[in-house]
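Engineer: Fit chains B, C and D to the given chain A structure using the hints.
Number of protein chains: 4
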Amino acid sequence: MTRSIKKIGVFTSGGDSPGMNAAIRSVVRACVYHKIECVGIYRGYQGMIEGDFKPMDARSVNNIINKGGTILKSARCLEFKTAEGRKQAYDNLRKEGIDAFVVIGGDGSFTGAHIFAQEFNFPVMGIPGTIDNDIYGTTFTLGYDTALNTVVEVIDKIRDTASSHNRLFFIEVMGRDVGHIALNVGVGAGAEEILIPEEDLGLDRLLDSLKRSKASGKSSSIVVVAEGDTTGENVFELKKYVEKHLPIYDVRVSVLGHMQRGGAPSCYDRVLASRMGVSAVEALLKGESDKMVGVQDNKMIFTPISKAIKGHTVIDTELIRVSDILTI
Amino acid sequence: MTRSIKKIGVFTSGGDSPGMNAAIRSVVRACVYHKIECVGIYRGYQGMIEGDFKPMDARSVNNIINKGGTILKSARCLEFKTAEGRKQAYDNLRKEGIDAFVVIGGDGSFTGAHIFAQEFNFPVMGIPGTIDNDIYGTTFTLGYDTALNTVVEVIDKIRDTASSHNRLFFIEVMGRDVGHIALNVGVGAGAEEILIPEEDLGLDRLLDSLKRSKASGKSSSIVVVAEGDTTGENVFELKKYVEKHLPIYDVRVSVLGHMQRGGAPSCYDRVLASRMGVSAVEALLKGESDKMVGVQDNKMIFTPISKAIKGHTVIDTELIRVSDILTI
Amino acid sequence: MTRSIKKIGVFTSGGDSPGMNAAIRSVVRACVYHKIECVGIYRGYQGMIEGDFKPMDARSVNNIINKGGTILKSARCLEFKTAEGRKQAYDNLRKEGIDAFVVIGGDGSFTGAHIFAQEFNFPVMGIPGTIDNDIYGTTFTLGYDTALNTVVEVIDKIRDTASSHNRLFFIEVMGRDVGHIALNVGVGAGAEEILIPEEDLGLDRLLDSLKRSKASGKSSSIVVVAEGDTTGENVFELKKYVEKHLPIYDVRVSVLGHMQRGGAPSCYDRVLASRMGVSAVEALLKGESDKMVGVQDNKMIFTPISKAIKGHTVIDTELIRVSDILTI
Amino acid sequence: MTRSIKKIGVFTSGGDSPGMNAAIRSVVRACVYHKIECVGIYRGYQGMIEGDFKPMDARSVNNIINKGGTILKSARCLEFKTAEGRKQAYDNLRKEGIDAFVVIGGDGSFTGAHIFAQEFNFPVMGIPGTIDNDIYGTTFTLGYDTALNTVVEVIDKIRDTASSHNRLFFIEVMGRDVGHIALNVGVGAGAEEILIPEEDLGLDRLLDSLKRSKASGKSSSIVVVAEGDTTGENVFELKKYVEKHLPIYDVRVSVLGHMQRGGAPSCYDRVLASRMGVSAVEALLKGESDKMVGVQDNKMIFTPISKAIKGHTVIDTELIRVSDILTI
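Protein chains in written order, with the UniProt record's numbering: chain A, 1 to 328; chain B, 1 to 328; chain C, 1 to 328; chain D, 1 to 328.
Bound conformation, chain A alone (with noise of 0.2 Å):
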């Protein structure tokens, strides 16, 4: 039977993720607007084994859904990984009247809510917090869309620069396992080549790509390459491939690094922060747990966190198709 829920909590997890704080603001709303307590714990996991936690009013999230970070912080956490942290956890929570919790953030930190759910039969509920846009059970992450911004941003500001020189730039964007971002960030900013770790273009491809583009006059070439793309080592061995093999390029790189992490979200990213909130919330109090909630089709879904950690997302191919088109 579920146990009647009065107070909830909720924390952040992993790496942060611009509309982290839209969605603490939406989901102690909720809770307020369905009279429970709501609870910020704060640096995720650790905080939670350290009985870190604040109680959450109305008030206490004024003016944080434009903020990018995360006001209850966030960190990763070894402890929370053996049965001894976790047991600390529980014991915190439940000292602190808490019966549930929303986790916002990545794979890993939905892993640590699924087994402690499991564990201690305990409601939990998760909002996928990240920008790389890997998680599978949701068209889009939270913070994905904000990325994607800076980043065009960023490369529209070295094109002026690119185009004066005639330059080759070729630009480093976050994706350590899956390149969400740097397809789109290539196709949004006209990149003339996108290097993702789901496909090896091969570095004999990438020169003859590079050759094209000069040959069609292009005053400037740039080249968006995820973290994990392993055409090359990474972005400085591309470089000096390309300087060494066809140096007709005045060639120049840019990794860009943690600002993609930053920034006052997106209207979309503050709108879906705002719904997956008080989804969550609704769906705990209805005696769902253990599942996260998504958008699908610009509706919230719900799928068992089980599933979408084990779950993979795919790449587009069809806009690595529509990349290749636009590129000529």
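Since the hints were derived computationally from the structure, they do not count as laboratory data. This one's a predicted model, so the numbers in the text were calculated from it and none came from an experiment. Careful, some of the hints might be misleading.
Unchecked claim - Straight line, CA to CA, 25 Å or less: simulated DSS-like cross-link-like pairs of lysine-lysine:
id, chain 1, residue 1, chain 2, residue 2
1, B, Lys310, A, Lys299
2, B, Lys211, A, Lys211
3, B, Lys54, C, Lys214
4, B, Lys240, A, Lys299
5, B, Lys54, D, Lys286
6, D, Lys218, A, Lys218
7, B, Lys299, A, Lys307
8, D, Lys7, D, Lys286
9, A, Lys286, A, Lys240
10, B, Lys214, A, Lys35
11, A, Lys35, B, Lys218
12, B, Lys239, C, Lys239
13, C, Lys218, D, Lys35
14, A, Lys240, A, Lys218
15, A, Lys214, B, Lys35
16, D, Lys211, C, Lys35
17, B, Lys240, B, Lys211
18, A, Lys214, D, Lys54
19, B, Lys54, A, Lys218
20, D, Lys299, A, Lys54
21, C, Lys299, D, Lys299
22, A, Lys218, B, Lys35
23, D, Lys54, C, Lys35
24, C, Lys299, D, Lys35
25, D, Lys299, C, Lys54
26, C, Lys54, B, Lys214
27, B, Lys211, A, Lys35
28, D, Lys35, C, Lys214
29, D, Lys286, C, Lys218
30, D, Lys299, C, Lys307
Structural biologist: Using the frame of chain A, we list chains B, C and D on its own:
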């Protein structure tokens, strides 16, 4: 039998929206890729009637993917509503050797295209370009996502000064017939109330809502109002009404206007435009006609234009509920 | 003899402007650095009269350097114009142990400070915070640079849609008495005409100018109008006049309004605020009073408040000439 | 005797910077206004040697005032350092009927112009265009203000994620020889420490500073490092050093790179470019030569190029002091 297509015309029509240039680029390059010719038609149907054509090659659309507005210009054209006007347009297209066209625009532009396609058995394909997101057959129209971001950024700025002075702002955003922009930016900017054409809140409930907002301890209030809302006559009248009946507020008004139509498109709009342009060209080459390309569940879909112009988009009532919860 | 200063009050007053928070932060931390106490006074003179004080330490101003608005709120206060009001304020300051204050605001706020300083021999220092750049004794006021950037970015967006439709826009920007914003954004956005209070262009010359602009082959026209301009009654009347007398134009209007007061401050405004805050505190500690800190030739200067409020800023006539040349 | 000037060449040279296009536009239109011809020279001195010229009229510079980069392209040119190269350039200019030129660039470009002016008694005028602000004879160079804003916006984003994880970031910004960018964005972004070439802080004092910052309760630390700083070998070495000697910190690195050179210019840079372009043309027409236009105390001033290239800009030591105070 389908006439073989060797030359495609492309134009923008009606109110412009961010992403139109990206769509033009995509149509042009998809033509080049498929080894057919592409002709730009200036100022929509007006230019078609006047024969204002320009051949486009791959390089003619360099560096426009990130530009607002439309390099092909746009206009409304009364003459195309007459049989004579359309006949003149048809003659010009045939003289130029144009076998099909892609129209980027909204409802009115599609109506013209549909009549033209029927009248002359001429292959046409539509791409939905409007910030209003009011076209049946696509979850998102080109420019909508960008407009949402433009508006939330502006409201964020207004919130700064509203909070400093504990003020109430009525902010008018675009949307003569539909409240999609208002509802989404309202949620995204954390507006205290949202007034849309689809729902007449009523002045009494508006006052109640504002009283509750003040009582809850908020330091400022933002009410987002769609142009077409009928709660008050307009934002200026709303201001007067509230000043008279709820003098606890210091009220200001802001009408955002045409800035909402401009600006560099968001990554999402650039990618959507890129996909739609290729899809439209390839659909024509496959013998399709009189259809509109749209996006649903992140995939390209096609809807007969006759259905697109008769159908209606519906406001997301679930999002209205989310908004009510979050303004607590 | 100078009283030794152990506790300084700081507040913002009048219309808010970006950079005020950065200035508050600077005043607070300069006090901490010099080992004196700092007290925030809410809502300007109103809070002084009501005793709405809050001790500030170095951490209380964390993460505000990049926030628009003012965490200390702002207000206009009629009561401070009375001797009784000022006496009440003085009593509250003394009770709180406040020996001096820094006021961040504009002309009106400085006038109050000057009278107060004279009346009670109380050390005060002014920091010019207003987007209008209309304060004598400083080349730039806090928030002015940010407002210029906000406005040119918006006009860039409007230009996109104006060009797409070959339209003429009248854009009203802030500046009731002075045309600094209008003139600079007009030049910066490449406006075809600029209407400012300092110069009555006259409706005839406006029409001539617009005719020339059209004849020169420009695809759109932007006329920037300062609020206080007297060429037409306002932008709506200007629209009507041009529609009547120059029907070649499709005319639109945009009133930018309060968004100009908000937003994250530019780097220049943040640095200027940081410098001014330290300078103001150190001047008080050196025994200075009744002065305003300003910037001239990139250096901090001081002007007696009595001179600052009597003086006038003058429009840069050379820049008007540059504008005329560039709109050719 | 001054040769009457009937045709002026204009070009950009060296590293590009935002505002160069605005300066080109200003030079071109000032020529049109004064009824003389203007010729664009592509790729700086390289295009001069190759005769890569293009006549410019008022409309050829439409819609570029807000674009980063340079429509005339830029390049470095070794050949111009030889007498033969310069002779070839001179012959080309005379053949084209060009009587004088305006060079928009930095130190190196000015050195070439100065030699050329002396060698051929050819009228030249310089406009300082570089983001580094390292040119003697002007308080601000074109592009510097824009770069400052670009960088603080990026650091604001990095701060979001740094705060969420309590991390320390070393952020490398441009400035091989001078620390103007680093110092100003450091103050503007509230950096905990700023490392510039003009001052060797020393690794010990860096550690002390970081320890103090941690102890003060700050949730994140940002250290801005100019490229040319010598405290550590580079940001990667600084990271390693701190990780080794101050393991309380989780350290990350970000190298901002070329994005700093691009982007739409700020209003200030657009206005400055507009003023400088007109001033440069009018100075040539008055018979001036071998000078650089600059801005001082918000007024146009002229400095002999020979002095500009020998002089040094000095870091604002008062601002270093302000920075030290504010990081308390």
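Engineer: Taking the hints in turn, state whether each one holds.
Structural biologist: Going down the list of hints, with the structure as the test:
{"no.": "1", "hint": "B:Lys310 <-> A:Lys299", "verdict": "24 Å, holds"}
{"no.": "2", "hint": "B:Lys211 <-> A:Lys211", "verdict": "66 Å, violated"}
{"no.": "3", "hint": "B:Lys54 <-> C:Lys214", "verdict": "23 Å, holds"}
{"no.": "4", "hint": "B:Lys240 <-> A:Lys299", "verdict": "39 Å, violated"}
{"no.": "5", "hint": "B:Lys54 <-> D:Lys286", "verdict": "44 Å, violated"}
{"no.": "6", "hint": "D:Lys218 <-> A:Lys218", "verdict": "48 Å, violated"}
{"no.": "7", "hint": "B:Lys299 <-> A:Lys307", "verdict": "23 Å, holds"}
{"no.": "8", "hint": "D:Lys7 <-> D:Lys286", "verdict": "14 Å, holds"}
{"no.": "9", "hint": "A:Lys286 <-> A:Lys240", "verdict": "58 Å, violated"}
{"no.": "10", "hint": "B:Lys214 <-> A:Lys35", "verdict": "20 Å, holds"}
{"no.": "11", "hint": "A:Lys35 <-> B:Lys218", "verdict": "19 Å, holds"}
{"no.": "12", "hint": "B:Lys239 <-> C:Lys239", "verdict": "24 Å, holds"}
{"no.": "13", "hint": "C:Lys218 <-> D:Lys35", "verdict": "19 Å, holds"}
{"no.": "14", "hint": "A:Lys240 <-> A:Lys218", "verdict": "22 Å, holds"}
{"no.": "15", "hint": "A:Lys214 <-> B:Lys35", "verdict": "20 Å, holds"}
{"no.": "16", "hint": "D:Lys211 <-> C:Lys35", "verdict": "20 Å, holds"}
{"no.": "17", "hint": "B:Lys240 <-> B:Lys211", "verdict": "16 Å, holds"}
{"no.": "18", "hint": "A:Lys214 <-> D:Lys54", "verdict": "23 Å, holds"}
{"no.": "19", "hint": "B:Lys54 <-> A:Lys218", "verdict": "21 Å, holds"}
{"no.": "20", "hint": "D:Lys299 <-> A:Lys54", "verdict": "56 Å, violated"}
{"no.": "21", "hint": "C:Lys299 <-> D:Lys299", "verdict": "15 Å, holds"}
{"no.": "22", "hint": "A:Lys218 <-> B:Lys35", "verdict": "19 Å, holds"}
{"no.": "23", "hint": "D:Lys54 <-> C:Lys35", "verdict": "64 Å, violated"}
{"no.": "24", "hint": "C:Lys299 <-> D:Lys35", "verdict": "40 Å, violated"}
{"no.": "25", "hint": "D:Lys299 <-> C:Lys54", "verdict": "43 Å, violated"}
{"no.": "26", "hint": "C:Lys54 <-> B:Lys214", "verdict": "23 Å, holds"}
{"no.": "27", "hint": "B:Lys211 <-> A:Lys35", "verdict": "20 Å, holds"}
{"no.": "28", "hint": "D:Lys35 <-> C:Lys214", "verdict": "20 Å, holds"}
{"no.": "29", "hint": "D:Lys286 <-> C:Lys218", "verdict": "30 Å, violated"}
{"no.": "30", "hint": "D:Lys299 <-> C:Lys307", "verdict": "23 Å, holds"}
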